[in-house]
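> So you can see what is in the structure, the chains are spelled out below.
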Amino acid sequence: MNYEIQLDEFQGPFDLLLHLINKNEIDIFDIPISSITSQYMEYINSMKDRNLEMTSEFILMASRLIEIKSKMLLPVEENDEGEEVDPREELAQKLYEYKIFKEISMYIKGKERLYLHTVFKDPEYIPDQTSAEISIDLDELLKAFRNIMAANDLLEGEDSSDVHMISREEVRIEDRIRHIRDILLDCETVRFHELFSDSSTTQKIVVTFLAILQLIKNNIITFQQDMNFDEIIIRRI
Amino acid sequence: MEDRKKASIIESILFAMGEPVSINEIAQSLGESLADTKKDIDSLMECYEKEHKGIMIKQINTKYQMCTRPENYEFVSSLLYDRNKGALSQAALETLAIIAYKQPVTRVEIETLRGVKSSSSIQTLIDRNLIKDKGRMDVPGKPILYETTIEFLKYADIRSINELPDYEEFIDGIQENVLEN
Amino acid sequence: MEDRKKASIIESILFAMGEPVSINEIAQSLGESLADTKKDIDSLMECYEKEHKGIMIKQINTKYQMCTRPENYEFVSSLLYDRNKGALSQAALETLAIIAYKQPVTRVEIETLRGVKSSSSIQTLIDRNLIKDKGRMDVPGKPILYETTIEFLKYADIRSINELPDYEEFIDGIQENVLEN
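Chains as they are written, first to last, in this note's numbering: chain W, 12 to 248; chain Y, 10 to 190; chain G, 10 to 190.
These are calculated hints, taken from the structure and not from any lab test.
Even glycine gets a Cβ: it sits at the ideal position worked out from N, Cα and C.
One or more hints might be untrue.
[Claimed, not checked] Straight-line alpha carbon distances no greater than 20 Å define the calculated PhoX-like cross-link-like pairs of lysine-lysine that follow:
hint: 1; chain 1: G; residue 1: K62; chain 2: Y; residue 2: K62
hint: 2; chain 1: Y; residue 1: K59; chain 2: G; residue 2: K62
hint: 3; chain 1: W; residue 1: K113; chain 2: Y; residue 2: K59
hint: 4; chain 1: G; residue 1: K59; chain 2: Y; residue 2: K59
hint: 5; chain 1: Y; residue 1: K67; chain 2: Y; residue 2: K47
hint: 6; chain 1: G; residue 1: K14; chain 2: Y; residue 2: K62
hint: 7; chain 1: G; residue 1: K47; chain 2: Y; residue 2: K62
hint: 8; chain 1: G; residue 1: K62; chain 2: Y; residue 2: K47
hint: 9; chain 1: G; residue 1: K47; chain 2: G; residue 2: K67
hint: 10; chain 1: W; residue 1: K122; chain 2: Y; residue 2: K94
hint: 11; chain 1: G; residue 1: K126; chain 2: Y; residue 2: K94
hint: 12; chain 1: Y; residue 1: K14; chain 2: G; residue 2: K62
hint: 13; chain 1: W; residue 1: K122; chain 2: Y; residue 2: K67
[Stated by the list, open to error] To list a few chain W residues with every Cβ distance to chain Y over 10 Å, as calculated:
hint: 14; residue: Q50
hint: 15; residue: I119
hint: 16; residue: I216
Let the sequences and hints guide you as you build the complete structure.
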């Protein structure tokens with residue numbers, strides 16, 4: 012397989028799957044799941060080879076494909092109405108809907124050039140004789156400024172956080188381990204959820220959780236929960 | 010007032026104001042009824058189109074605004090500044106497509122349809138003034154609802170959101186593609 | 010290029026520039042000789058006069074500028090006054106925002122960011138005491154630098170420019186806490 016198509020060109024797992032479906036010239040509603048799964052995994056692995064970390068969506072889809080693949084091997088299930096259920100059905104529906112919106116996005120894109128090539132003008136100046144007081148709404152002022160900066164691509168744009176690859180450096184498990192150990196230097200115990208208080212992204216949450224597991228495995232911390240649904244308390248050993 | 014005079018006044022108003030002017034404002038200034046004013050504006054627009062004038066009158070909902078004819082852009086931009094007015098990314102375009110057709114819509118709905126996180130695409134679209142916050146949905150968590158703006162109408166070159174092609178048309182497009190392949 | 014196309018381009022240029030444009034600039038953009046360009050502009054002006062259009066083309070030495078027809082002034086001014094009474098126009102607000110965040114700043118910098126000629130908005134803001142001249146920049150052409158005034162702080166209800174909201178931070182609650190979901 013050639014890798015001239017890079018994973019970072021894809022908007023997400025749906026986009027990658029649609030690409031594979033187009034490439035193989037197959038029907039969304041009749042995906043040869045085994046072959047598509049292995050092609051999908053090949054892309055994912057090529058991404059790993061290039062030492063890029065994937066967002067959770069790509070990994071989640073991989074597990075979903077494998078789940079569908081295994082279901083296909085089992086006897087056909089029937090739903091409450093006694094109809095046969097195709098394990099691929101739900102994914103196919105989602106891909107189909109995504110494909111429609113991708114189509115719409117192309118239509119919108121087609122209008123963009125016209126928009127970018129239209130020039131408007133400011134109101135003409137007339138000497139002000141009202142001298143009325145005005146109040147300046149800071150939110151409006153900020154919004155106006157962000158509009159201008161965004162139109163010139165001068166804001167920290169979407170590429171800083173919507174990206175499909177997150178550089179490995181962003182949240183490292185070692186850093187989270189050190190962070191948790193630092194917290195437990197000052198106090199013997201900490202509540203489980205407090206360790207997540209600064210975890211604003213899914214990636215941070217996952218990494219924090221992995222760090223906790225690692226610390227438990229290495230006998231550095233232990234945890235206790237007095238009753239079901241009680242707060243979990245993390246304690247240093 | 011004779012028609013030519015009315016047309017002339019409408020031109021003056023639209024030119025001087027620069028920004029979108031409502032039909033009410035124009036009617037009031039002319040001292041005419043809304044219906045008559047609408048007719049006058051329509052015939053002026055038609056005349057501008059027929060003559061391929063360098064100035065166009067755009068209708069946005071019930072407002073009107075003058076702008077340059079996009080076909081002349083290369084001649085204008087050589088004199089204006091090199092503004093790097095950026096195009097939208099594919100991620101932002103997909104998000105905008107969903108908001109345009111599903112509005113009002115929450116972030117979670119957008120992300121379910123796209124299969125990826127979309128918060129920064131949403132922020133980009135807000136910063137570009139193409140979508141806006143439409144209050145919160147009355148369900149647990151009170152998620153923000155998003156809808157398109159007036160600026161989006163300009164972007165899509167339509168007078169109102171109803172002028173967007175039917176969702177079904179895109180389904181047909183896909184099916185044609187499937188048949189062709 | 011056919012005459013109608015040339016006329017259309019001249020209209021677009023004069024509209025977009027909003028200020029006096031030299032015949033050289035227009036000729037250059039069209040790729041035509043000065044003499045031909047002059048003829049084109051003259052016939053366009055004549056046509057605007059003959060039809061009593063609401064927009065006029067004024068000649069100032071070797072420059073040309075579009076403006077509203079003086080006879081229509083009463084119809085236009087009442088609308089402009091009404092708009093000016095309350096809040097700032099979107100154009101003025103944008104201009105003010107750039108000056109507030111980027112001060113001291115030149116007109117060219119403002120116009121480059123906005124992609125629109127902004128001298129009338131700057132003048133309006135000076136009239137309203139929101140911005141002022143802060144001397145000249147020491148570069149060729151010695152452009153005027155603009156900054157906000159004490160009155161601006163008063164109207165914005167802040168003590169100093171440092172209290173302006175940080176524009177690099179997300180303004181919306183889009184990044185809702187993931188744990189809540």
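> Would you mind marking each hint as holding or not holding in the structure?
Do the hints match the structure? See the list:
1. K62(G) - K62(Y): 13 Å, holds
2. K59(Y) - K62(G): Distance ~16 Å between K59(Y) and K62(G) Cα, so the pair holds.
3. K113(W) - K59(Y): 35 Å, violated
4. K59(G) - K59(Y): Satisfied, since the Cα-Cα distance of roughly 19 Å is no more than 20 Å.
5. K67(Y) - K47(Y): 13 Å, holds
6. K14(G) - K62(Y): Since the Cα atoms of K14(G) and K62(Y) sit roughly 8 Å apart, the hinted pair holds (cutoff 20 Å).
7. K47(G) - K62(Y): Distance ~19 Å between K47(G) and K62(Y) Cα, so the pair holds.
8. K62(G) - K47(Y): The hint holds at about 18 Å.
9. K47(G) - K67(G): 13 Å, holds
10. K122(W) - K94(Y): 15 Å, holds
11. K126(G) - K94(Y): 15 Å, holds
12. K14(Y) - K62(G): Holds, at about 8 Å.
13. K122(W) - K67(Y): 15 Å, holds
14. Q50: Per Cβ check, Q50(W) is outside 10 Å of chain Y; nearest 17 Å; holds.
15. I119: 6 Å, violated
16. I216: Label holds. Min Cβ-Cβ 13 Å, cutoff 10 Å.
In the structure shown, a violation is registered for the earlier hints numbered 3, 15, in ascending order.
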